[in-house]
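Just so you know, the protein sequences line up as chains X and U, in that order. Counting the first sequence from 1 gives a position; the numbering used here is that position plus 17. Counting the second sequence from 1 gives a position; the numbering used here is that position plus 144.
Hints were generated in silico from the structure; no laboratory data involved. Hints should not be assumed to be uniformly reliable.
[Claimed, not checked] Mimicking EDC-like on lysine to aspartate or glutamate, the simulated pairs with C-alpha atoms at most 20 Å apart in a straight line are:
id: 1; chain 1: X; residue 1: K73; chain 2: U; residue 2: E257
id: 2; chain 1: X; residue 1: K73; chain 2: U; residue 2: D268
id: 3; chain 1: X; residue 1: K73; chain 2: U; residue 2: E254
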Amino acid sequence: MNEPDKNILVIGVGNLYRCDDAVGIHIARNLSTRKTGNFQVIEQSGEGTSLMESWKNNDCVFIIDAVSSGASPGTIHRLDATNPIPSKFFSCSTHNFGVAEAIELGRTLNQLPKHLHLYGIEGKVFEPGEILSPELSSAVTEVTDELFNYMNSTS
Amino acid sequence: MKDDEVVDVKLKIFEPPRFFEGFLRGRDFKEAPDITARICGICPVAYQMSAVHAMENALGIKMDPQLRELRRLLYCGEWIESHTLHIYMLHAPDFLGYQDAIQMAKDHREVVERGLKLKKAGNDIVSFIGGREIHPINVRVGGFYKLFSKQEFEPLKETLKWARDAALETVRWAAQLPFPDFEQDYEFVSLSHPDEYPFNEGRIVSNRGLDIDNSEYEEHFQEIHVEHSNALHSVIKDRGPYFVGPMARYNLNFDKLSKLAQEAALETGLGKECLNPFKSIITRSVEVLYACDEAIRVIESYEKPEQPFINAEPKASKGFSCTEAPRGSLYHHYELDEEGKILEAKIVPPTSQNQKTIENDLRMFVPEHIELSQEKLTWQCEQAIRNYDPCISCATHFLKLDIERT
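When you get a sec, could you build the whole thing from the sequences and use the hints?
This is how it looks when you write it as structure tokens:
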């Protein structure tokens, strides 16, 4: 197997113990076990400044995270971060400096990767627990396949 | 509100029920540090530290002095990370009149960049000793899985020397922010140790005479369920609310700070005691400076221990530990059976300890500023809440200000 290409990075964001919040981590792990292409996969909690640090040396970054925007559970939001992230994806928490905040601060400080794609998967349950809602399972397969195919077509 | 008078203020935090305590029951004692570390993405080290110390207390393990020093170093990393994130990304924009750090960065680019780099120095400590950045995996009951040679710490030491200078600048910068005049009479609670600023060990003390061993915690503190919030409120029995975190530690342990941190604090005019919660941003900055200074001291005096851990034999037992998470005291209590399976677990996080005090601050603050617009008042209330850095990362919408006028 070739060494992973450090320029393509997939970041699965979430907390494994908060049900649907873990969807990004599940997809990242699926990709890690199936991967044959040249890319790196890492997991992050979603704390924004650490995210900014993690994508620093990459040209092409995919972030996969759970979102709660009011759409039906399992909806896949595909965002290209060359445009501003809509405010409904911000964490709305005064405590949290999350994914959307990290992207916008990165934009202000000229610290965004050349290509940054965000997959937001609409979650339903964010309470403590380890079970993913069934409504999200087809989204998990679809995003895993899409990224897997993309990686293999570029390697 | 009744007429123009504030009758009551309630802070509604919908913290999840005690899922993790239930989740721990039946697990092996060795699993507690890694499971509890998942509770919080911002302060996993604190959860690991309270868990391992409680287990070691239960199993009668006396920590090797060098391993103990390494744990202090790891905790320094988490304080630097968590405090710096709070100071620069969450609290400073309030003082300077910005909606958030993104807006602030447009006018204060260098300040935000300094904050990001300083936070990274904390990350570097945690990811080096902890084995990785998110949810460190190198901590175990009895010590660590892997140790490092003295030489391996050299790059970290250089980073920390820069960080110490940046932390000193941070103290000076934080001290010149505009502060509302809002001094209150609090009962401050923190650990206190005869020889050191507290991280992992000490008696639980207060400025009103409390002085107890960790094992006596539940005799003196009580968690009360309140209807308007899922979070439990913690109070001192027969006395009421109390205050934990950087300002409490600073007030109760000023003389244990390093010389550099003491001098920097006094130079700003802060004094040895601070009663204005808005100035907690200064005490938090002083603690970042202390943590950088302390981390360098630990690295310079480090000698690699012979064994990475002390073996822990399970037995039927009870263990207690309180350690100082960045936000304040974090209490763990476990009961184990003879095979080391967890029978009972109790965890009291800093946020539930401060929650009653936060409400009281709002109760005092709102009447004095009720003439402000709803938008401005919401902003200032959020700033007042952020004085405490409450951990509510699970909340999707944080502060919704409802003023019921009758």
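Each hint, compared with the structure:
no.: 1; hint: X:K73 / U:E257; in the structure: holds (14 Å)
no.: 2; hint: X:K73 / U:D268; in the structure: holds (15 Å)
no.: 3; hint: X:K73 / U:E254; in the structure: holds (18 Å)
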